[in-house]
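Those protein sequences? They're chains A, B and C, same order as listed.
Going left to right, the first sequence walks through residues 2 to 352 as the numbering used here numbers them.
Going left to right, the second sequence walks through residues 3 to 185 as the numbering used here numbers them.
Going left to right, the third sequence walks through residues 3 to 249 as the numbering used here numbers them.
Keep in mind that the hints were calculated from the coordinates and are not lab data.
This structure is a prediction, so every number in the text was calculated from the model and none was measured.
Just so you know, nobody snuck in bad clues.
With a straight-line Cα cutoff of 30 angstroms, these simulated DSSO-like cross-link-like pairs (lysine-lysine) come out:
#1 A:Lys46 <-> C:Lys45
#2 C:Lys5 <-> C:Lys45
#3 B:Lys35 <-> A:Lys269
#4 C:Lys202 <-> A:Lys46
#5 A:Lys188 <-> C:Lys45
#6 B:Lys90 <-> A:Lys269
#7 A:Lys203 <-> C:Lys4
#8 B:Lys160 <-> A:Lys43
Label-pair restraints from in silico Cβ distances:
#9 B:Ile125 <-> A:Val186: 44 to 52 angstroms
#10 C:Met104 <-> A:Lys295: 57 to 65 angstroms
#11 C:Asp232 <-> A:Ser190: 56 to 64 angstroms
#12 C:Asn187 <-> A:Pro81: 47 to 55 angstroms
#13 C:Lys152 <-> A:His211: 35 to 43 angstroms
#14 A:His211 <-> C:Tyr237: 33 to 41 angstroms
#15 C:Tyr237 <-> A:Lys46: 44 to 52 angstroms
Backbone N, C-alpha and C fix where the C-beta goes; we use that ideal spot for every residue, glycine too.
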Amino acid sequence: MERVLMKGNEALAEGAILAGCRGFFGYPITPSSEIAEYMARKMPKIGGVFVQAESELAAINMVYGGASTGARVMTASSSPGLSLKQEGISFISEAELPCLIVNVSRGGPGLGGIQPAQSDYFQATRGGGHGDYHTIVLAPSGSQEMMDFAMEAFELADKYRIPVMIMAEGTLGNIMEPILMREPVTKFSEKPWATTGCRGRKPNIVNTLHLGNEELESRNHQLFNKYQIIKENEKRADAFLVEDAEIVVVAFGIMSRIVKKAVIEARKKGVKAGLVRPVTLWPFPDEHIRTAAKNARLFLSVEISMGQMIQDIQLALAGRVPVEFYGRIGFTPNPEEILQEIMRLAEREGL
Amino acid sequence: MDREQQVLFAGFGGQGVLSMGQFLTHIAMNAGKEVSWVPSYGAEMRGGTANCLVTISEEEISSPLTENPMAAVIMNRPSLDKFESRIKPNGTLVINSSMVDRVPERDDLNVLRMPVNQIAAEIGNLRGANMIILGAYLQKTGIVEVEEALEYLGVVFKGKSESIIEQNKAAFLAGVEYARNEW
Amino acid sequence: MKKVFQKPESLTDAKNHYCPGCSHGLIHRLIAECMDEMNIREKTIGICPVGCSVLAYDYFNCDMLEAAHGRAPAIATAIKRLLPDRFLFTYQGDGDLASIGMAEIVHASARGEKITVIFVNNTLYGMTGGQMAPTTLLGQVTTTSPYGRKAENEGYPMKMAELLSSNEGSAYICRTAVNNPANINRTKRAIKKAFQVQEKGLGFSMVEILSACPTNWGLNPLDAMKWIEDNMVPYYPLGEFKVKEEQ
Numbered sequence: 002m003e004r005v006l007m008k009g010n011e012a013l014a015e016g017a018i019l020a021g022c023r024g025f026f027g028y029p030i031t032p033s034s035e036i037a038e039y040m041a042r043k044m045p046k047i048g049g050v051f052v053q054a055e056s057e058l059a060a061i062n063m064v065y066g067g068a069s070t071g072a073r074v075m076t077a078s079s080s081p082g083l084s085l086k087q088e089g090i091s092f093i094s095e096a097e098l099p100c101l102i103v104n105v106s107r108g109g110p111g112l113g114g115i116q117p118a119q120s121d122y123f124q125a126t127r128g129g130g131h132g133d134y135h136t137i138v139l140a141p142s143g144s145q146e147m148m149d150f151a152m153e154a155f156e157l158a159d160k161y162r163i164p165v166m167i168m169a170e171g172t173l174g175n176i177m178e179p180i181l182m183r184e185p186v187t188k189f190s191e192k193p194w195a196t197t198g199c200r201g202r203k204p205n206i207v208n209t210l211h212l213g214n215e216e217l218e219s220r221n222h223q224l225f226n227k228y229q230i231i232k233e234n235e236k237r238a239d240a241f242l243v244e245d246a247e248i249v250v251v252a253f254g255i256m257s258r259i260v261k262k263a264v265i266e267a268r269k270k271g272v273k274a275g276l277v278r279p280v281t282l283w284p285f286p287d288e289h290i291r292t293a294a295k296n297a298r299l300f301l302s303v304e305i306s307m308g309q310m311i312q313d314i315q316l317a318l319a320g321r322v323p324v325e326f327y328g329r330i331g332f333t334p335n336p337e338e339i340l341q342e343i344m345r346l347a348e349r350e351g352l
Numbered sequence: 003m004d005r006e007q008q009v010l011f012a013g014f015g016g017q018g019v020l021s022m023g024q025f026l027t028h029i030a031m032n033a034g035k036e037v038s039w040v041p042s043y044g045a046e047m048r049g050g051t052a053n054c055l056v057t058i059s060e061e062e063i064s065s066p067l068t069e070n071p072m073a074a075v076i077m078n079r080p081s082l083d084k085f086e087s088r089i090k091p092n093g094t095l096v097i098n099s100s101m102v103d104r105v106p107e108r109d110d111l112n113v114l115r116m117p118v119n120q121i122a123a124e125i126g127n128l129r130g131a132n133m134i135i136l137g138a139y140l141q142k143t144g145i146v147e148v149e150e151a152l153e154y155l156g157v158v159f160k161g162k163s164e165s166i167i168e169q170n171k172a173a174f175l176a177g178v179e180y181a182r183n184e185w
Numbered sequence: 003m004k005k006v007f008q009k010p011e012s013l014t015d016a017k018n019h020y021c022p023g024c025s026h027g028l029i030h031r032l033i034a035e036c037m038d039e040m041n042i043r044e045k046t047i048g049i050c051p052v053g054c055s056v057l058a059y060d061y062f063n064c065d066m067l068e069a070a071h072g073r074a075p076a077i078a079t080a081i082k083r084l085l086p087d088r089f090l091f092t093y094q095g096d097g098d099l100a101s102i103g104m105a106e107i108v109h110a111s112a113r114g115e116k117i118t119v120i121f122v123n124n125t126l127y128g129m130t131g132g133q134m135a136p137t138t139l140l141g142q143v144t145t146t147s148p149y150g151r152k153a154e155n156e157g158y159p160m161k162m163a164e165l166l167s168s169n170e171g172s173a174y175i176c177r178t179a180v181n182n183p184a185n186i187n188r189t190k191r192a193i194k195k196a197f198q199v200q201e202k203g204l205g206f207s208m209v210e211i212l213s214a215c216p217t218n219w220g221l222n223p224l225d226a227m228k229w230i231e232d233n234m235v236p237y238y239p240l241g242e243f244k245v246k247e248e249q
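Extracted from the complex, chain A is given alone in its bound form (with noise of 0.2 angstroms):
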C-alpha cells in the first residue's frame, strides 16, 4: 500500500475526517494551528463545517453544542488555550457528549513557550476544571498513530459518551513522516439522545444543572461508574523488553521512542533496561506497570515537565519499587542524556 508523508497535525486531521468528523471549532495556537487550516480548507469540500470562534470558550462551547447533535466534531488547541477550555470540557463531561479534544502541548506556565512538553498530564488526566469528572487521554507517538489515535478516539466517545482528549507535544505536530491512509469509517452508533428537534418522539434535553442532593449525588456515582468500565476496559501500554529488565523506563509519547533508543543502547551495554509506554494516560495503564516491576530494582520516569506522571507511577507500585524522575522542559531530553542517566542509576544500584 502507498505511504504518504504526512505532518502530524494534518495526519491527525485527516484522521478526524476519516472517522467521520465534520465540526471543527477552533482558534489559532502554536503548535496546533496547521489542525484548524487543514480543516477549513477540507470541511467545506465534504459539507462539513467549520468555524473560527472569537475565543477558545466559544470554541469549546461549539464542540458541546456541535456534539449534542449527534454529528462527530472536534476542537483543537496547545496549551494555554486548554486551560480556557476547561470550563466547557467539564461541561461535556457531565452532559456525556463525545467529542475529540486534541492537546498539540507546549511548555506552561503561564504563555511559557512553543517548545514541546508535556507539562499538561495533570490537568488532562485528573480532569482540568471544575467537579469529578475525567476524560480518556490518549497519546500518540507519530505521524501514524496521530491518524490512527484522531480515528479511534471518536469511536471510544461514541462508546461510552465521554470527551477524549489526545495529548501530543509539540514534536508531534510538526514531524513528518510516512503514513498508511485508513479507510474511511462508515458505520456509526444511534444518538437517541441528540438534540435535533423532538419530530417523532419526546423533547430531548441537554443538561448538567442538579440541585438536588440526591440527584447530585446519583449523577456522580452514574459517572464514575462508567469510569470504572472505562478502566476495566481501555487501560493500553506498549511494553518493551520489560521481561527480565532491572531498570524500567515510563515515558509516553514522542518520549516513549526517545526513550526507546536509549534503552536499546543501555541493552547493548550490557545494562537490563526495559521501558513502559503508556497509550492511554487515563486510565492509566497500572496493570502494565506493575507487570513491568516483576524483576526491576528500579523504576525511572522521563517526562518533558518537572515531574508528573511519576506520580501515577508511585501510585502504581505502591511503594515496591523505587521510581526515579529526569526531565527537562524547554527541551526535549535526548537518547544520549537518556542513555547516560540509565548508566548512572545501573553503576548506583550495582547493575
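Start from chain A and add chains B and C according to the hints.
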C-alpha cells in the same frame, strides 16, 4: 553505511533549509526507507534561523531526535557555531562556503565545502541553493541513488509547473556535478 | 363549545418556579405561542442560560440544552451550522448575555448566525440575589451597587440592541417591553418576526425584552410594571433597530 542515518539541515529562514530536509525525506521514503523529518518551529523560525533533522533508516525508527547527528548540512555561520560540536565523531559536515566565513575547528570530521550561492548564480537560479547542496550531498553519500532521486523529484514537486520542476532538476544536477568533480 | 384559550403545545405541563410578577413565564408563553403558530415545535432547539431561567428546559416542550453562563450563542452556532433547517433560539438574561457572554453574543451577531436570541433585560442578576448587571440603570441600588450605580465607578448601562444593530450580520434587532397588553402584543409580533427572519436565512435576530423583577427591585408586581415604563423605557427606547429586508 549505517542502518540508520540522521542528518541535520541548518541555516537562515528563507534558504530553503526545511524544504531541503523534506525533499530528502520524500526521496528516501519513495526509495522504500523508513524516514522522519522534525523541524525546529516557532520562535527559532521567526528569529531567522531554521533547522530540521532527517532520519533515514532501514528499519522502524525509534527516536526521530538526536543530540548528535552523523551529518550536518550547514548553510550559514551561526548554524556552524551552534552545531559543529554536536556532530558525531568522524561525521560529515557539509558547508555552504559562500555564507560561512570560517573553517571548522574540529579535525575529525569529513568536511565538504561548497560555494553554493556562487553555483546558484552560475546556473541562474538563485533560489536553487537547497537543491544544489542536496544533489551534492546525495552524490557524495549515496543515501539514495542520484538517478532514483531525480525520478522522484517530479513526484515531490507534484502540482508545480513543468518549468519549476526542470529548474530544480537542473540545480540538483549542478550539485551532483560539483560533488563528482570536487569532493 | 369553541375553545378560546389554551396552554400552547410548545410549553410542558411543568409548574414554573418563577416569582409572582416575574416576566419570564409570560415571555416563555409568547415564544411558545409563536412556535405553535408557525408549527415549528418539532424543528426547534432551545438553549437556556445560567440565571433565573436556567430551568427553562423543563418548561419548553421541544429539544432543549442548558448552557454554561453566557455561552448559549456559541452552542446555538454549532447546532445551526450542523442542522441548518432547524430553528434555534437562545434565551438569555442580562448578566449572561451582556456581561460574561459578551464575546459570544457579539460574534454570533457579527457572523450573522441564523439564530434567534431572546434577551431578557431586567437590569440585574436575578437568581444570585439582585447584583448589578451591565444593564443596571444609573442610580439604581443593587446588592453590589448599594449606594446606587455611579457612572464614574461602574460606568454606563449597556444598550445591547443598539450595539448589535451596528453589526452587518444582524438582520433583525428589536427592543420591546412586557409592561402592558399593547407592549406584550408587540413583543409577540417581534418574536415571530425574528423566527421568520431566521426561517428566511437573513441573519442574526434578537429581541431585547424589558422585563420586571419585582422581588429584587423590592416592588409589588404592579409597581414593577410602572417602574419599567418610568425608568427603563426612557433609557432603553423601544422599537426596531435593524430590519434587513430580503434581497
